[in-house]
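Colleague: Dock chain B against chain A, hints included.
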Amino acid sequence: MRETYGKTLVELGRENPDIVVLDADLSRSTMTKIFAREFPDRFFDCGIAEQNMISIAAGLAASGKLPFASTFAVFAPGRCFDQIRMSIAQPGLNVKLVTSHGGISVGEDGTSHHSIEDLALVGSLPGFTVIVPADAIETAQAVRTAAASYGPFYIRLCRPKVPPVYTESYRFNLGKAVTMRQGGDVTIIAIGLMVAAALEAAKNLRREGIDCRVLNMSTLKPIDEAAITQAAAETGAIIAAEEHLEHGGLGSIVAQVLARHQPVPMEFVAIKDTYARSGKPAELLQRHGLTAKDIEQGVRSAIARK
Amino acid sequence: MSLPEEGNLPSISDSVTTSANSMKAEVFSSSASVVEMEAIAKRLRRHIITMTGKAGSGHPGGSLSAVEILTALYFRVLRHKPSDPQWADRDRFILSKGHAAPLLYATLAECGYFPVDELLTLRQMDSRLQGHTDRTVTPGVEMSAGALGQGLSFAIGVALAGRLNAQDYRVYVLLGDGECDEGQVWEGAMAAAHFKVDNLVAIVDNNGQQIDGWNRDVMNLDPFPGKWQAFGWHVIEVDGHDLAQLTEAFDQAKLVKGQPTVIIAHTIKGKGVSFMENNPDFHGKAPNAEEVKIALKELE
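Protein sequence lines correspond, in order, to chains A and B. Quick note on numbering: the working numbering labels position 17 of the first sequence as 17, and the sequence is numbered without any gaps. Quick note on numbering: the working numbering labels position 37 of the second sequence as 1037, and the sequence is numbered without any gaps.
In case anyone wonders, no lab produced these hints; they're calculated from the structure. Cβ atoms here follow ideal geometry from the backbone N, Cα and C, with glycine treated the same way. One or more of the hints may lead you astray.
[Said to hold, decoys possible] Straight-line C-alpha distance at most 25 Å; calculated DMTMM-like pairs for lysine to aspartate or glutamate:
id	chain 1	residue 1	chain 2	residue 2
1	B	Lys1285	B	Asp1117
2	B	Lys1257	B	Glu1237
3	B	Lys1196	A	Asp25
4	A	Lys293	A	Glu200
5	A	Lys306	A	Glu234
6	B	Lys1196	A	Asp41
7	B	Lys1293	B	Glu1038
8	B	Lys1081	B	Asp1117
9	A	Lys221	A	Glu246
10	B	Lys1227	A	Asp45
11	A	Lys33	A	Glu3
12	B	Lys1257	A	Asp45
13	B	Lys1081	B	Glu1248
14	B	Lys1254	B	Asp1089
15	B	Lys1257	A	Asp41
16	B	Lys1227	B	Glu1237
17	B	Lys1254	A	Asp41
18	A	Lys161	A	Glu246
19	A	Lys280	A	Glu200
20	B	Lys1297	B	Glu1038
21	B	Lys1285	B	Asp1134
22	B	Lys1227	B	Asp1212
23	B	Lys1196	A	Asp18
24	B	Lys1042	B	Asp1251
25	B	Lys1196	A	Asp45
26	B	Lys1196	A	Glu38
27	A	Lys7	A	Asp18
[What the hints assert, rightly or not] Incomplete in silico selection of chain A near chain B, CB under 10 Å:
id	residue
28	Ser55
29	Ile56
30	Ala58
31	Gly59
32	Ser63
33	Gln90
Just chain A, same shape as in the assembly (with noise of 0.2 Å):
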């Protein structure tokens, strides 16, 4: 995912010459390093200094640049909320907003490193389009989204490698989700690395007899409404499943919809109100209840109370 990002961003400075590139002292890790080596004079390094480089960002905005702003998801939003919010939010202006190593799946750093909060923080900003892909091909096609639409844009990447869910003739639809995989019984609704769980999930599940709807919502706001309506319609049962606190994130969002539009028994697989510490991303996934044996033991809740 994030040396998708790195080349990506190439592609597009190539195509346009307003894109310039700022990050704070992690372009090795965010793989912005890659715009940097073939476009010096438009990148721009600021140091460890995130809330400077979210208004910097906003002025080169304002000025008609078109800066993609990166560095770890716990940093941005976590260190410079009130810069995204009065310098880039509540203006609208065109700032994108590429954040790696997104939820625990970080590992070894620990509590410091992991982004738990970020979805809820930034999908509370009035204006802010919010992006969790969840393969190094969606990923590519989200950060052209973001480039070619107006506004300022979230998008959250991981750290780790994530298998592939999609092949190179996918195209991403901004605000609409994809199914995955049709189904009748239940729908998992997940995004980022979680989307690959879910789909193992409902494979295993099929041997149960249980027919799982999958959904990759990788546009968190705005929601897609009209699906989520219709796979509760139809299918009678919701999980969703995100690297991320079960408050302010996909579970909640989808819950609102569900509240509002069709109510239906729904599930949460999700980080409980709790922080990780080290450990490989695996082992934390796996205790914080991010696998899909996890999916799965949501699913069978959801079904037992239909």
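Modeller: What follows is chain B alone, placed relative to chain A:
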């Protein structure tokens, strides 16, 4: 836009002279004499009192202290077109201390960005003149400010864009001294010197006070000029109420290459109104009707 009832307060439009209207249409520069600017400064002070008095809230103290700074900028230094606020080649003025919005609005109105009468809508429902600046609604306002500390960084972005685009506009950003408590100001100070943005001038309205009292008691900034120097800035200190000194400082800043310039303007909070001068109570409190009368009498 419909105007509010004016009540018993003096009408702000009484003080309008021909300057606003005659200079509206074209590029607005740069020739006002010191005597003319002094007259403009007095009008701006009257506007600030009348506006905040009418609104019943707002920030007169830190608006009054920066009157000469904005007067020199808008009537002598900036290349701008009030008839075309988005003109691509305009010099940019960024108000980082967004609570001085009444001063910026009064200045923009006197330049002709919008009618002087509109100043009386300050802080009212559906007004274009928000309590703190909002770039989405007010012609001539470059940045949505009020959350302190962000303007210098924003200005760096604007200055970098000018350099990337090979545009020759200059960028001016006004900070409060109390605002310099914010860590982001110093992130910006470091970055501006690192990126060598010599098309950027920061002005600090150094009135010595913040909400809780004198800076030196709340959070000491000394040695203040030394800090900027240590961060790699060209530092100029002036009497911030002396229009000749300010004008000269802005001229000098244009000659500085390879580093940003900061003008530390020593000012008096509440300047021009006896009972507001050096009185932190009027940082964020509007004068009542009686106080408005006394203030306007002093500003005749």
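Colleague: If a hint holds in the structure, say so; if it doesn't, say that too.
Modeller: Status of each hint after checking the structure:
1. Only pairs whose Cα atoms come within 25 Å are accepted, and B/Lys1285 paired with B/Asp1117 is accepted, the gap being roughly 22 Å.
2. Proposed proximity of B/Lys1257 and B/Glu1237 is supported: the alpha carbons are some 18 Å apart, at most 25 Å.
3. A threshold of 25 Å between alpha carbons decides the hint, and for B/Lys1196 with A/Asp25 the separation of about 19 Å falls inside it, so the pair holds.
4. In summary, the hint linking A/Lys293 to A/Glu200 is supported, as the alpha carbons are separated by about 9 Å, within the 25 Å threshold.
5. Using a Cα cut-off of 25 Å, the hinted pair A/Lys306 and A/Glu234 holds, with the two alpha carbons roughly 12 Å apart.
6. For a cut-off of 25 Å, the pair hint linking B/Lys1196 to A/Asp41 stands: about 13 Å separates their Cα positions.
7. In summary, the hint linking B/Lys1293 to B/Glu1038 is supported, as the alpha carbons are separated by about 21 Å, within the 25 Å threshold.
8. The straight-line distance between the Cα atoms of B/Lys1081 and B/Asp1117 is roughly 20 Å, inside the 25 Å bound, and the hint therefore holds.
9. Annotation: proposed proximity of A/Lys221 to A/Glu246 holds, straight-line Cα distance about 16 Å (limit 25 Å).
10. Of the supplied pair hints, the one linking B/Lys1227 and A/Asp45 holds, its CA atoms being roughly 23 Å apart against a limit of 25 Å.
11. Between A/Lys33 and A/Glu3 the CA atoms are separated by roughly 10 Å; this keeps the pair inside 25 Å, and the hint holds.
12. As the CA atoms of B/Lys1257 and A/Asp45 are separated by approximately 22 Å, the hinted pair is consistent with the 25 Å bound.
13. A hinted pair counts as satisfied when its Cα atoms are at most 25 Å apart, and B/Lys1081 with B/Glu1248 qualifies at roughly 23 Å.
14. For the given pair, B/Lys1254 sits about 16 Å from B/Asp1089 by alpha-carbon distance, which is consistent with the 25 Å threshold.
15. Between B/Lys1257 and A/Asp41, the direct Cα distance comes to roughly 19 Å. Compliance with the 25 Å bound is thereby established for this hinted pair.
16. Restraint check for B/Lys1227 and B/Glu1237: the C-alpha separation of about 13 Å stays at or below 25 Å, so the hint holds.
17. About 24 Å separates the Cα atoms of B/Lys1254 and A/Asp41, which keeps this hinted pair within 25 Å; it holds.
18. A threshold of 25 Å between alpha carbons decides the hint, and for A/Lys161 with A/Glu246 the separation of about 24 Å falls inside it, so the pair holds.
19. For the hint linking A/Lys280 to A/Glu200, the alpha-carbon distance of about 20 Å falls within 25 Å, and the restraint holds.
20. Between B/Lys1297 and B/Glu1038, the direct Cα distance comes to roughly 17 Å. Compliance with the 25 Å bound is thereby established for this hinted pair.
21. With a CA separation close to 20 Å, the supplied pair B/Lys1285 and B/Asp1134 stays within the 25 Å bound.
22. Under the criterion of a C-alpha separation no larger than 25 Å, the hint pairing B/Lys1227 with B/Asp1212 is consistent with the structure, at around 23 Å.
23. Distance restraint check for B/Lys1196 and A/Asp18: the Cα-Cα separation of roughly 20 Å lies within the 25 Å cut-off, and the hinted pair is therefore satisfied.
24. In summary, the hint linking B/Lys1042 to B/Asp1251 is supported, as the alpha carbons are separated by about 23 Å, within the 25 Å threshold.
25. For the hint linking B/Lys1196 to A/Asp45, the alpha-carbon distance of about 14 Å falls within 25 Å, and the restraint holds.
26. For the hint pairing B/Lys1196 with A/Glu38, the CA-to-CA distance comes to about 21 Å; that is within 25 Å, so the pair holds.
27. At most 25 Å may separate the alpha-carbon atoms for a hinted pair to count; A/Lys7 and A/Asp18 meet this at roughly 17 Å.
28. Taking 10 Å as the C-beta cut-off, the interface hint given for A/Ser55 holds, the closest approach to chain B being about 3 Å.
29. Satisfaction of the interface hint for A/Ile56 is found here, the shortest Cβ-Cβ separation to chain B being roughly 4 Å, below the 10 Å cut-off.
30. Taking 10 Å as the C-beta contact cut-off toward chain B, the hint placing A/Ala58 at the interface holds, the least distance being around 5 Å.
31. For A/Gly59, the interface hint holds, since its Cβ comes within 10 Å of a Cβ in chain B; the closest pair sits about 2 Å apart.
32. A cut of 10 Å between beta carbons decides the hint on A/Ser63: the least distance to chain B is about 3 Å, and the hint holds.
33. Because the smallest distance between the Cβ of A/Gln90 and any Cβ of chain B comes to about 5 Å, under 10 Å, the interface hint for this residue holds.
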